[in-house]
Each structure stands twice: as C-alpha cells, then as structure tokens.
Amino acid sequence: MNQDKKQVELLHKNYLNSLKIEKRWVRFYQAIIFIVFFSGWEILSRNQWIDPLIFSSPSKIWNLLLSKIQDGSLMTDLGVTLTETILGFLLGTLAGTILAAILWWSPMLSKIFDPYLVILNAMPKVALGPVLIVALTPGYPSIITMGAIISVIITTIVVYTSFKEVDPNYLKVLQTFGATRFQCFKEAILPASFPTIISALKVNVGLSWVGVIVGEFLVSSKGLGYMIIYGFQVFNFTLVFLSLLVIAVFATIMYQLVDLLEKKLIKE
Amino acid sequence: MSFLQVQDIHHTYFTKATATTALSNISFTVEEGEFVSLLGPSGCGKTTLLSIISSLLKPTQGEILLQGKPVSPSKNDVGYMLQQDYLFPWKTIEENILLGLKLSNQLNDKTKAAALQLLQQIGLAGVEKQLPKQLSGGMRQRAALVRTLSTEPKLLMLDEPFSALDYQTKLKLEDLVSQTLDEYSKTAILVTHDIGEAIAMSDRVFLLSSKPGRIYKIFEMPEELRKLSPFEARNHEAYQTIFQTIWKELESLEPR
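Chains as they are written, first to last, in our numbering: chain A, 316 to 583; chain B, 356 to 611.
Chain B extracted, bound-state conformation:
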C-alpha cells in the first residue's frame, strides 16, 4: 500500500452566479520519502489540491488516505508551508516555532529542545528572542520551515514556499530544504509554477492542466538528477533536456 493515496478527487467551488470545477478526477499515490511536485499554469487548482490533501478543505468528492487512514488536522499528520512565512509578527522566533507544539499540547522539554536544535541546524542560532521583522526574508522562511517541521508531520506540503524570495536566497533555500527533508526522510509535495525548481527538487513532477484541474502528465526525474542537490541538478546536462520537454508540454496547455 502506498504512503499517500489520493483517490478520485473532484472539487467544485460554488458562488451565487457560478459553479466552478477546480479539480476533476485527480488520483495518484506517493511513496514514503518521495518528493513530488505539482506543476501547472495559474488557476489549475494546485493550492486547492494541497488544501484538500492537508484536510483544510473538504473535497466535493473523493478521499485522501495517509498510511491507509483518512487525514485529520488534529493529529498533525500534515505540515504546511505557505508562499510567505506568515510568522506571527508579535511573537518571538522561539514562540513562533513552538506554536504548533503548543497548539497540539505536545510542548515539553524534549520537543522544545528538538525544535531549538533544528533551528540551530538550519543556521538560525541566536535569533530565538528576536521578532520576525528583525530577520531577512530567507531567514524568516527558514524559521517557518522549522515551525512546520517541529510537530514532526509525516507529510509536508510546500505551497510555492520560495516564490517570494530573491533568486539567490531561493537557490540556497532549495538546497537547504531538500537536504533537511532527506535527513529526516520526509515525504513532501511541492506546488510551484517554476519548472526548474520542480525538476531540481523532485523525484516526480505532475503536470496539471487547468479548468478543470486534472493530471495531464507525469514525469519521472532521471536517477542522476535525483541524487544531486537542487543546485547541482540545475547544472547537470539531463536538466536541460527534461526542462525542454516539460516546457513544451506546458506551452501546449496554454490557452490560445
């Protein structure tokens, strides 16, 4: 049985005037420790799908199974990282990264030490008592990663977490996230519209078409790219080939 099973998801948004089908007939599985990217034009329901998988949103139809059981938000099964850090500006970094533990009543000396240890490991030693606004964008997004990982989620949702950063910070952070996830052998799903990022970070890339969103094509990343860090992968010759392939597919999806 697969680690994560997404079974036949349909989702429709209703407004007074319209009923918009955002997702249609989405089924796939993800294995434990795998890194999967959802790539697609804007408005293809990528974020909706992430919200459904993390059970923030109930799908109109379909089911999500994590290790054979339905996902529940109260068990902290799924960690979610947003486009921006959304660190609470009135809380110190320490309070921010311990928030998840506090909310789920898991805060004790051991989990606290683990979270602080992770903060140090990710290169943010000594900022515990600072407020988020005293940190740079990249540092804040790293703190947000620590916050997400602190509750030890089995599955990680990354909703364009690098899109608000400058290019250099983004490349560095891709490496760091990739390395951290490998270390803790986390399963992750990344939503992005950056083809390069998807290729460099993932084991598999799902290309979604829009209106309604469905899985158009699945690309397996070649073994030699998977082994490399995202930064190294970007310089590998296989990267260019697969970039061109995905680029063409994405072009063909663009509405004319």
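So here's chain A without its partners, still in its complex pose:
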C-alpha cells in the first residue's frame, strides 16, 4: 500500500518535472526569436544590407530612448497618449455596454436602431477624424473621442448579442419570484454577460490605440502618434521605430491588465 503511494508520488513528480522542462524550452525559443530578431536587425543595418536611414537600428533606437528619457520628452508624449488611450478605451466600453443595456431594455428601440447599428459598424470610424477635430477643437477631446468612437459600436453589438443569449430559464426563475426587469438585468443578464464584456475589453484595447494614434496623426501636436508623424516628416525613422516599440510595450501591458481583471472577475 505504502509502496503504491510512493510510486504515485514519484510519477507525479516526474509529471511536474516534464511540465517544467517543456516550459523552459518554450521560454528558450521565445528568447531565441527575440535575440535573433534584434541582433539580426542590428547586423543588417550596420553592414548596410538594409538602408539604415529607413530601417534605423536597435542601438540607435536604444540611444534615442535613453536621451529622450533623460530630457523627459518621452514621458510627456507617453503620458499624453496613455491618458487618451485609457480614457477612450473606458469611455468606449462603458458607452457600448450602456447602449447595449438600453437596447435590451426596449425591444422596440432595438428593432428601430438595428439598421443604423449595421451602418455605423460597417463605416470606418477613423474617417470621422477630420470632422471630430473641427467640431471638438484639436486636442484631448477630439482624440479621446476617436479612441472611444472606434470601439463603441462593436461593443454595443457584441454585448447586446450576449444579453439576448442568456438562457431564458434564468429569467423564468427570477420572474417566478416576481422580479422586475431591472432586477432581471442586475441578477442574471449582466453577470451572465461578464465573460463577453471582458473579451470585448480585450478587443477594445487594440482598437483604442488605433483611434488615438490616428487622432494624433491628424492633430499633430503631441503624443506617440505625433512622434511617428513628425519622424516621418523629418525623415527620422529612429524616432518612428522608438515610438512603435513604446506603443507595443504599453499596449501589451494594458492587455495583460485586462487579462488580470478577467481572472479576478471570473472566478472559474
């Protein structure tokens, strides 16, 4: 009996070990890709196999990063863009969820607005940029609106669909207890749709960055998007790549934060 238990423990240990080894290999290859990519880029650029003027090189970008951190200009631009993106992202998701709730509340409204939602969803929202900038003055308001408007319609559609797909038997249970429509929403519809709302959040992280960067392209006064457009205009592609890499890092961080939120909210 004791022998058996030991045997099982040993097998379990082996299993855990194999998992650990597999994970190590995955990390190893990930590191390899990273190193090969950046050192390859550096080598190609140094030897002029690719045009260093256009493709820059990791060392140049690194040096620019350090100098821009020292003079504080990167922090300002990053701060501006991050604020705009986070606000746009939150506004877009919140407004989308509220709109979805209104549509769920009134089936009549949802029927009326159905074709308009389809049109709005199909339309490229960034095309509204020039109008927004003129209407809301160039600056934070118009850029944040861009970040929000790009995600609001798709959020509305996705969340509304998930509201409608909640098992009607949950509502039946609530109705037998005499629940009001608001109670049905609060007790069943909304919590049952949390997973969908979270996955909408994940999509919206990416969309908000698009909206904000395009907004900054158009307004061209500060922010990471401005850095890109400025670098392009003065033909300083080191600046462009620096901005791109910073965006990549922070977009990933935001995505990871939403992922963390998901694990917190959905206890499964």
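The set of hints was computed from the structure by calculation and includes no laboratory data.
Quantities reported herein were computed from a predicted structural model and do not represent experimental measurements.
Treat the hints loosely; a few may be bogus.
[Said to hold, decoys possible] One-sided and incomplete, this derived list gives chain B residues near chain A with beta-carbon spacing under 7 angstroms:
1) 357
2) 441
3) 445
4) 455
5) 462
6) 602
[What the hints assert, rightly or not] Using 27 angstroms as the maximum straight-line C-alpha spacing, the simulated DSS-like pairs for lysine-lysine come out as follows:
7) B:413 to A:487
8) B:525 to A:517
9) B:566 to B:541
10) A:487 to B:541
11) A:338 to A:328
12) A:487 to B:371
13) A:479 to B:488
14) A:579 to B:413
15) B:424 to A:579
16) A:501 to B:371
17) A:579 to B:446
18) A:487 to B:603
19) A:426 to B:525
20) A:479 to B:413
21) A:487 to B:582
22) B:446 to A:578
23) A:479 to B:371
24) A:426 to B:413
25) B:424 to B:446
26) B:509 to A:517
Cβ atoms here follow ideal geometry from the backbone N, Cα and C, with glycine treated the same way.
Assemble the complex: chain A is given as a structure, and chain B must be docked to it using the hints.
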C-alpha cells in the same frame, strides 16, 4: 371553494405563419395539500399550462383563482421548479437560496435562518459557501427546491424536476420532495411524462391529450398508494394495475 380553480383556459400561440392552439377548454380544481400530476405526450401544452397557472404567461382566455383571488407573481404565491436546477453559477448556494427572499424584499434574519434551516433539513448542511458547480446534480436540484420553498409559496409547480437526473438520484429525490411537501402541507402540481413518477407521487393524475391540449381523463390514485412514499408505492401491487391502465390510455392517445 377549492384552493386552486383553473377555469376554462384556452391558449393560442401566434407566429407569422400559424396560430397554434396549445390548450383548449382546461378546467379543474385542486384542493389544499393535494398533489396533482399532469401527464401527457410531449407537445400537449403541459409546460404552457404551468406557466399560465403561475401567471408567467397570460392565457388567451380563462382565469386562474388561488383561494378565490387571481394569481400575481409579485406576491410569491406560486413557486416554480424547472427541469434543471438553474442555480446561478456565479452565486454561492447561500446567495442562490436567498434570491427569492431578496427579490421580494422579505430577506431578514428570520427568513434567512428558516431558509438555511431548510437547507440543512434537506441534507445540504455545510455547502452554503460553495458554488453550484461544486455540487452533484441531485444536490443542485435539492438546493433549487430550497430556493423555491424559501419564499413559502402557497402552490408549487414542478416542471419535470427529476428528468435530468440519473435514475437512483431521481428515486431518492422523489421521496425527499414528497416528504418535504407533506411536512409543510404544500399543494403541488407536477408535470411529467413518466407514468411511474406520476403514480408514485400524486393523489390525482390528469391525463392530457395533445393538439390542442385538453384534459382527457382523470385518475384518482387508490388510498393505499397515497399513504406510501413514492419509493414504496412503486413496489405496491396496486401500482402495477394502475400503471397498466394509464399506459393503455396513453397508447390510445398516440398519433398513428
């Protein structure tokens, strides 16, 4: 006056293409403390009838009177148990069983204690803080029963509550439900397509015919079966006789 009066219920469902009459000319009465089963082929409008009696659905014609007054959902007159437990997966068992009380603003220390007491009595002590998915199917359906009973409904609707369970759990749960209902002298209406279950649990069995649903025949269960628990009733000799009778009637209803 009878406890529950179902008066001349007609119900028709409308779609773009068709108007389907689900129920036609349904009238019956149920006395207080009685257990009645609605038995019939699928599509005979059993669930529709339950929904109408519990006022979730307004009938095209007819009236339901509970103790002489129309039924209203806001008063928690009627408790409803569904085919599956439909416990909310994101709520703990405690939150689930207190849901009805919370929604009708009856949640206080006394009603809460009563609900928890009932949970214990039904054999689910110590699961209050667990989530529904940590419980087995039978345990979940028992928790759902506690949720239904917690608001002290006068009338209980059981919409095939045992159909999703395995046979052994089903037999055990039949006994438990029957015993619990007796204890609190609740009136109940069970919808089922299981002849045995209807016989074992009920005082009377209503056989419905389909398309449109109407009451085809009413069977009074013999006194000796009523006294027994469902499990014992299944082993009684009178059970077989009445099973055969109902079986034949049900056969004759089957569309050929």
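Straight-line alpha-carbon gap residue 413 of chain B to residue 487 of chain A, limit 27 angstroms: At roughly 14 angstroms apart (the allowed maximum being 27 angstroms), residue 487 of chain A and residue 413 of chain B satisfy the hint.
Residue 487 of chain A paired with residue 603 of chain B [C-alpha distance capped at 27 angstroms]: violated, 35 angstroms
Minimum beta-carbon distance criterion (7 angstroms), residue 602 of chain B to chain A: Cβ of residue 602 of chain B sits 31 angstroms from chain A, so the hint is violated.
Minimum beta-carbon distance criterion (7 angstroms), residue 357 of chain B to chain A: This interface hint is violated because 22 angstroms lies over the 7 angstroms limit.
Distance restraint between residue 479 of chain A and residue 488 of chain B, which requires alpha-carbon spacing of 27 angstroms or less: The hint holds at about 23 angstroms.
Restraint check, 7 angstroms cut-off on beta carbons, for residue 445 of chain B near chain A: This hint holds: residue 445 of chain B lies near chain A, its Cβ roughly 5 angstroms from the closest one there, short of 7 angstroms.
Satisfaction of hint between residue 525 of chain B and residue 426 of chain A, Cα-Cα up to 27 angstroms: violated, 44 angstroms
Straight-line alpha-carbon gap residue 479 of chain A to residue 413 of chain B, limit 27 angstroms: holds, 22 angstroms
When the least beta-carbon distance from residue 441 of chain B to chain A is tested against 7 angstroms, hint result: holds, 5 angstroms
Residue 487 of chain A paired with residue 582 of chain B [C-alpha distance capped at 27 angstroms]: Distance of about 33 angstroms is beyond 27 angstroms: violated.
Holds or violated: residue 501 of chain A to residue 371 of chain B, with C-alpha atoms at most 27 angstroms apart: violated, 32 angstroms
Distance restraint between residue 525 of chain B and residue 517 of chain A, which requires alpha-carbon spacing of 27 angstroms or less: With a Cα-Cα distance of about 44 angstroms, the restraint between residue 525 of chain B and residue 517 of chain A is violated, given a limit of 27 angstroms.
Hints 1, 5, 6, 8, 9, 14, 15, 16, 18, 19, 21, 25 and 26, counting from the list given before, are not met by this structure.
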